[in-house]
Structure formats: C-alpha cells, structure tokens
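S.K.: Residue numbers (the working numbering), protein chains in the order written: chain D, 1 to 274; chain X, 1 to 157.
Be aware that one or more of the hints could be misleading.
[Unchecked claim] Where chain D lies over chain X, by a calculated footprint (3+ residues, C-beta under 8 angstroms):
id: 1; segment: 6-19
id: 2; segment: 42-48
id: 3; segment: 51-58
id: 4; segment: 61-69
id: 5; segment: 99-113
id: 6; segment: 123-131
For the record, the hints were derived by calculation from the structure and aren't laboratory data. Cβ coordinates follow ideal geometry from the N, Cα and C atoms, glycine included.
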Amino acid sequence: MIPAAFDYRRAANLDEALSLLSDGGEDAKLIAGGHSLLPLMKLRLAAPSMLIDIGRLRDLSFVRDGGDHVAVGALTRHRDVEIDETLRAHAPLLSHVAGQVGDPQVRHRGTIGGSIAHGDPASDLPAACLALGASFKAVGPSGERTIEATDFFEGFLETALSPDEILTEIIIPKATGAGWSFQKFNRRAQDWAIVGVAAVRGERTGISLVNMGPTPLRATATEAALAGGATDAEAAARAAEGLDPPSDLNATPEYRVHLAQVLVRRALEEAGAA
Amino acid sequence: MKVSVTVNGAPQEHEVEPRTLLVYYIRDVVGLTGTNIGCDTSSCGACTLLVDGESVKSCTMLAVQADGAEITTIEGLAPSESEMHPMQEAFREKHALQCGYCTPGMVMAAVSLLQEHPNPTEAEVREGLEGNLCRCTGYHNIVQAVLHAASAGSVPA
Ligand SMILES: Cc1cc2nc3c(=O)[nH]c(=O)nc-3n(C[C@H](O)[C@H](O)[C@H](O)COP(=O)(O)OP(=O)(O)OC[C@H]3O[C@@H](n4cnc5c(N)ncnc54)[C@H](O)[C@@H]3O)c2cc1C
Ligand code: FES
Ligand code: FES
Chain D
1 MIPAAFDYRR
11 AANLDEALSL
21 LSDGGEDAKL
31 IAGGHSLLPL
41 MKLRLAAPSM
51 LIDIGRLRDL
61 SFVRDGGDHV
71 AVGALTRHRD
81 VEIDETLRAH
91 APLLSHVAGQ
101 VGDPQVRHRG
111 TIGGSIAHGD
121 PASDLPAACL
131 ALGASFKAVG
141 PSGERTIEAT
151 DFFEGFLETA
161 LSPDEILTEI
171 IIPKATGAGW
181 SFQKFNRRAQ
191 DWAIVGVAAV
201 RGERTGISLV
211 NMGPTPLRAT
221 ATEAALAGGA
231 TDAEAAARAA
241 EGLDPPSDLN
251 ATPEYRVHLA
261 QVLVRRALEE
271 AGAA
Chain X
1 MKVSVTVNGA
11 PQEHEVEPRT
21 LLVYYIRDVV
31 GLTGTNIGCD
41 TSSCGACTLL
51 VDGESVKSCT
61 MLAVQADGAE
71 ITTIEGLAPS
81 ESEMHPMQEA
91 FREKHALQCG
101 YCTPGMVMAA
111 VSLLQEHPNP
121 TEAEVREGLE
131 GNLCRCTGYH
141 NIVQAVLHAA
151 SAGSVPA
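Given only the sequences and the hints, what does the whole structure look like? Please build it.
M.R.: Given below as structure tokens:
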C-alpha cells in the first residue's frame, strides 16, 4: 500500500518548521515518527498535500529535571521515555506506559508528542498525561502557550492545537514516591488497549481511561468519589459514569463498562498499595 | 527527492518519490529482497530491519525519513559468504523456522533485542519479539534460538 503523492520538506529547526507550516496551506501536516500518520496515509484515510518532517529536531528530544516537574521534549521517542532515569524516579507511570506502547519497533520510531497531538482515544500516553496532571507547551505564529492536558483533548482525533501550532514540550509535575498503576487490557501482546486505566495516588490523585469514549478521558466520577472518601470498590463502580464507550470488533459498550470498573478497581488497589 | 543512505556498509544514493516506503526502496531500488513484506500494515514485523542499529518496521517509514542513516538488512548480518551471524546460526541450530517467511524480520528484531537486553529472560524474549508474527513455528524454537544466541555471548549488529 502506497500513500497518495505529497511534497516533502524536512525542517532543520523549529522556526523553519513553523514557517513551512504556515506557508504549507491547509493540507500540510507535520510528521514526527510517522507511526500514526503513515498507516492512515497508506490506507488513504489521510492524504496531506505536504509533509513537514520534524523528526530531525533533536533540540526537541530531551528529558529535563525542572525542579518541581520533569519536562519532556515532544520529539522524544517512546523508547527514550521508557528508559529515562529521571522519569523512572519522578514519573514512573509515564516511563512504564511508554514501554507498553505497541512493540519495540514502534517504540523506536514513535514520539510522545506525536501520540499526544494525534489524540487517539485508544492511545496510552495521553491517559498517563491526564492521570499525572500534565500540561503541554505549544508554539505557533503568535508565540508560545501552555495547555492543560484536561483541556487538550476535544473530540475524536481533535485537540486544542491549531493547525499552525507545534507541540514542543510535555510538563509532568513530579509524582516522586506516589502510588501508580497502569492496566492495559488487550488480547494479543502488541495490540492497542481494548480498555486501559492509568492511576496515580499520592499528593494528587488522577485516574484516566483509554478507549472509553471519543477522547482520552479522566474518570471524573471515580476521582470525585475518592475525594469524597469512598472506598476503592465504591469509586471503581463509578468508573464509567457518564461515559459512552465505543463499540468495535473487540468489545461492546457494555463489556467496556464492565472492563473499566474491574480495571479501575485493580488500578486503585495497586496504586494504593504503594 | 534525493536519498543517501548506507546499506550494509555500502553507500547508496537515489532519487525517489517522497511517498516511497523504506521497504520498497530497499527491495526495488537497492535490490535487496531479503527483507519481506507480510502485512504491509505495521503489524507483522516481516519487514523489520535496523536503522542506525535499532529495529524498525520498514513498511512504516519513508525512505526520505531514513536519509543519512545506516541501514542493516538480513543480507548485511553475515560476516562472509561462508559464515553466518551468531543469530542466524542460532536459528539454524534450534530449528527456529519452518516456511522462513517471518525469519529475516525475526532475526533482525532479535539482534536489536539482544543489544538492548544482552541477557534476557525467556519472558523478555517473548515480549521483545511481540512485534513479529510467525504463522508456522508457534514461537517456541524462535525463543530458544534467541536465548541460545544470548548465552553464546556478544551478538554484533
Ligand atoms: C503497530 C502499531 C502499534 C501501536 N500500538 C500502540 C499502542 O499500543 N498504544 C499507543 O498509545 N500507541 C500505539 N501506536 C501509535 C504510536 O504510539 C505512535 O507512535 C504515536 O501515536 C504517534 O507518534 P508519531 O511520532 O509516530 O506521530 P506521527 O504519526 O508522525 O504524527 C501523528 C499526528 O500528530 C501530528 N504531530 C506529530 N508531532 C507533532 C507535534 N510535535 N506538534 C503538533 N503535531 C504533531 C502529526 O501531524 C500527525 O497528525 C501504535 C502504532 C503502530 C504502528
Ligand atoms: S510488512 Fe511491515 S509490519 Fe508487516
Ligand atoms: S516460519 Fe513460517 S511464518 Fe515463521
């Protein structure tokens, strides 16, 4: 399967990427690792007129200790997030989740920024970012802004980024020593989650869900129940409250609701035991 | 668009359409057909080769994205005509293939795996090969082969 033809430009730095993006017109698209975009292009579900390759922006591949937070460059590959010692110490949920994405080949190419900008409800890293209370830095023609993860995922594959903006950095508040858990339920090793749960319990509590609606989601009813003093079992029973999970080959909505409740309970128990 | 890469140590330079996938570039332009295409949808791993030493599914990368990279394919592993790479040797020793279609990708993924985990457990081998499907062997002997290669010592790329 071959994608439809497109023009290809490789950006040497962020400024060049921004100007290529604003000059490229409506159908220009950024490509980072290409591991969400190329499969769509091969199926002709996407046919951008121009690809702007930001894969060589090495300045945007980093993990930095920022004192009360860890900053991760948008172009940092899943493999590099997985093995980074700073993240393992201060946000172990994120490095663990990066190690659960797809398979080693996918993790050698895919980037954290690409995963977040794509905004797929079935993807793992956005859920981890929601649970950790992350925020995202983006740069556009009118400068830089910071968007909270909770305000970022707007609809199916739709985010708060405008077409001329580039996601540059993921800010993760440190969760050193906090309890955490990631529950990914799938039937074959490399598959996407049928349902997944990311949980953090410590000074801040965050519970989020994979594949339970049109976007990566927070389990707000569970979070509220925990804040109100509910037991883990009571809070878990409310995991799917207000949600409208999708139906596909793998699972009906009813089965997904059941999975969410069971997986949230397991996640709360595991994260609470730390 | 011009692409310059090193394939199995030899410099290559060609004009390609930007939409050319790396696997088609390697097979049809460079002419090395050891890298197979199985699913063509990023799932099976048959097209796995090494880009700058790391395993990559070459059906899910553009040739232009590889510009400047060092690529190793199954043809580039063996040190000479008469000698096999230790991972190839281990696959033969442990009968780790039947039809052989998945084998080039499996071997390349296994070489990359041992670079990241030189002494893997059986579970780590199974997980490390999760991106590669085999329709024949049931994986058992493949896992044995990778463990055998690991125990035999350093596996060069
Ligand atoms: C076989 C396979 C299995 C997978 N399994 C999983 C899985 O289990 N869990 C999971 O979470 N993911 C999975 N993925 C997806 C993988 O994680 C992708 O790497 C990731 O979703 C996208 O990152 P990328 O760098 O490849 O982005 P690309 O494909 O390059 O880009 C994706 C989108 O984001 C935009 N974009 C990229 N970077 C930026 C940026 N910095 N600023 C603004 N926009 C940007 C692009 O324009 C494009 O629209 C899988 C992929 C494959 C091929
Ligand atoms: S052909 Fe590339 S993963 Fe199957
Ligand atoms: S040996 Fe036939 S597919 Fe693996």
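S.K.: With reference to the structure, classify each hint as holding or not holding.
M.R.: These are the hints, each one checked on the structure:
{"no.": "1", "hint": "6-19", "verdict": "holds (count 3)"}
{"no.": "2", "hint": "42-48", "verdict": "holds (count 4)"}
{"no.": "3", "hint": "51-58", "verdict": "holds (count 5)"}
{"no.": "4", "hint": "61-69", "verdict": "holds (count 5)"}
{"no.": "5", "hint": "99-113", "verdict": "holds (count 3)"}
{"no.": "6", "hint": "123-131", "verdict": "holds (count 5)"}
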